[in-house]
Amino acid sequence: MDHSGKQYRQPAMHDCRARAPARQTGVALITALLIISLVTIISAEMVSDQQLSIRRTGNQLLWDQALQYAQGGEIWARGILKRDLDSDRKTDFADHLNEDWASKLPMTPIDGGSIGGVIIDLQARFNVNNLYQDNTPDANNNAAPQKNANEALNVFKRLLSKLEIEGNIADAVVDWLDPDIDTRFPDGAEDLAYQGGKNPYRTANRRMAHISELRLIKGVNQKVYNKLLPYVTALPTFTTVNVNTASAIVIESLAKEIDSETAKEIVAIREQTPYNSYKDFKKQLKKLLPGNKQPGTQLKDMADVKSNYFRVDAQVQLGKLQLVMHSVMFRGSNKKIGILYRTQGFE
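In terms of my numbering, the sequence shown opens at residue 79 and continues consecutively.
In case anyone wonders, no lab produced these hints; they're calculated from the structure. Where hints are given, some of them may not hold.
[As the list claims (entries may be wrong)] Derived pair list, reagent style DSS-like, types lysine-lysine, alpha-carbon separation capped at 30 Å:
| hint | residue 1 | residue 2 |
| --- | --- | --- |
| 1 | 371 | 361 |
| 2 | 225 | 182 |
| 3 | 225 | 398 |
| 4 | 342 | 235 |
| 5 | 371 | 182 |
| 6 | 342 | 364 |
| 7 | 378 | 357 |
| 8 | 235 | 225 |
| 9 | 225 | 276 |
| 10 | 413 | 365 |
| 11 | 365 | 398 |
| 12 | 296 | 361 |
| 13 | 182 | 160 |
| 14 | 413 | 378 |
| 15 | 398 | 378 |
| 16 | 398 | 414 |
| 17 | 276 | 296 |
| 18 | 240 | 364 |
| 19 | 342 | 365 |
| 20 | 365 | 160 |
| 21 | 360 | 225 |
| 22 | 360 | 413 |
| 23 | 364 | 160 |
| 24 | 240 | 160 |
| 25 | 398 | 413 |
| 26 | 357 | 160 |
| 27 | 342 | 305 |
| 28 | 235 | 413 |
| 29 | 334 | 301 |
| 30 | 240 | 413 |
| 31 | 182 | 364 |
| 32 | 225 | 334 |
| 33 | 235 | 301 |
| 34 | 235 | 414 |
| 35 | 360 | 371 |
[To be verified] Simulated restraints, written as ranges between beta carbons of each label pair:
| hint | residue 1 | residue 2 | range |
| --- | --- | --- | --- |
| 36 | 273 | 349 | 45 to 53 Å |
| 37 | 276 | 186 | 25 to 33 Å |
| 38 | 293 | 111 | 29 to 37 Å |
Even for Gly, the Cβ is constructed at its ideal location relative to N, Cα and C.
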């Protein structure tokens, strides 16, 4: 009671104490829900990671299996090429499209998918590395003189003309291959031509390791590259064109005297009776061309009827996975067949 006689009422401290436990209970509940949520999220993430890991492992195993099947395709091809070489030794050295190696292996069922393959004669194409010679021995252990490179340049320029591609890229390709820094006149391209771009680079000054290097050459855009690709290759030694397997447009490029109709006749004749030797081919050419239009002796340095370089394309389908492997092989006179390199993907 205060001095006026009124009863003084104490603050209700017990009410505050009553509300405190309720507030603490709410905080504990929120904390518990947060912990449960975090545990749920972490658990879901762990399950997701585990499933991803399982899928990744499964995909890797499937890829490894597909790769083994593709390498099995290599073994198949080596066996066929070896058998063909042994047969050639007994009869003749000609390689042509009527032989077993030229037959395409259709997609064949295997466990969980299918596999197919084809052997391509790379000497049916013009070898861009022929454009520069440094006396490196060729496939027959003979050093190709620089005069062969000069004639190869004429062949390449004719091929570009047949394909309606600007001929000025020919000099640029030579500059890419040769070791000097002197720009060829009038359309060459050395380092300076490539160092002013967004992504500057230098000329290789060596043989091309893969035909895709052609895409780096000044003047070779994607359209030009796609047009050239079926007719060119990049091989480590000087190679002749096999007239038993080359397309009419490549044969037409071998000599200025061979026109389009003659090239088509050469192809039509070989489909029935392949040329057994260069001499056999030249004899047929004399029948097709007038006496005053016979190619010179330089044709012998550019053409032949046998091949040493092949590419094996193995295609494997396992479930949704598709693998395409390209294996470039060299078949030497020592009866050995070696793999020069492998690439994956469509070319």
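The hints, checked one at a time:
| no. | hint | in the structure |
| --- | --- | --- |
| 1 | 371 <-> 361 | 14 Å, holds |
| 2 | 225 <-> 182 | 37 Å, violated |
| 3 | 225 <-> 398 | 52 Å, violated |
| 4 | 342 <-> 235 | 20 Å, holds |
| 5 | 371 <-> 182 | 38 Å, violated |
| 6 | 342 <-> 364 | 15 Å, holds |
| 7 | 378 <-> 357 | 9 Å, holds |
| 8 | 235 <-> 225 | 16 Å, holds |
| 9 | 225 <-> 276 | 37 Å, violated |
| 10 | 413 <-> 365 | 36 Å, violated |
| 11 | 365 <-> 398 | 54 Å, violated |
| 12 | 296 <-> 361 | 40 Å, violated |
| 13 | 182 <-> 160 | 17 Å, holds |
| 14 | 413 <-> 378 | 25 Å, holds |
| 15 | 398 <-> 378 | 49 Å, violated |
| 16 | 398 <-> 414 | 36 Å, violated |
| 17 | 276 <-> 296 | 14 Å, holds |
| 18 | 240 <-> 364 | 23 Å, holds |
| 19 | 342 <-> 365 | 14 Å, holds |
| 20 | 365 <-> 160 | 35 Å, violated |
| 21 | 360 <-> 225 | 21 Å, holds |
| 22 | 360 <-> 413 | 28 Å, holds |
| 23 | 364 <-> 160 | 34 Å, violated |
| 24 | 240 <-> 160 | 35 Å, violated |
| 25 | 398 <-> 413 | 39 Å, violated |
| 26 | 357 <-> 160 | 25 Å, holds |
| 27 | 342 <-> 305 | 20 Å, holds |
| 28 | 235 <-> 413 | 35 Å, violated |
| 29 | 334 <-> 301 | 26 Å, holds |
| 30 | 240 <-> 413 | 37 Å, violated |
| 31 | 182 <-> 364 | 33 Å, violated |
| 32 | 225 <-> 334 | 17 Å, holds |
| 33 | 235 <-> 301 | 18 Å, holds |
| 34 | 235 <-> 414 | 35 Å, violated |
| 35 | 360 <-> 371 | 13 Å, holds |
| 36 | 273 <-> 349: 45 to 53 Å | 49 Å, holds |
| 37 | 276 <-> 186: 25 to 33 Å | 46 Å, violated |
| 38 | 293 <-> 111: 29 to 37 Å | 60 Å, violated |
When the structure is compared with the earlier hints, violations turn up for hints 2, 3, 5, 9, 10, 11, 12, 15, 16, 20, 23, 24, 25, 28, 30, 31, 34, 37, 38 and for no others.
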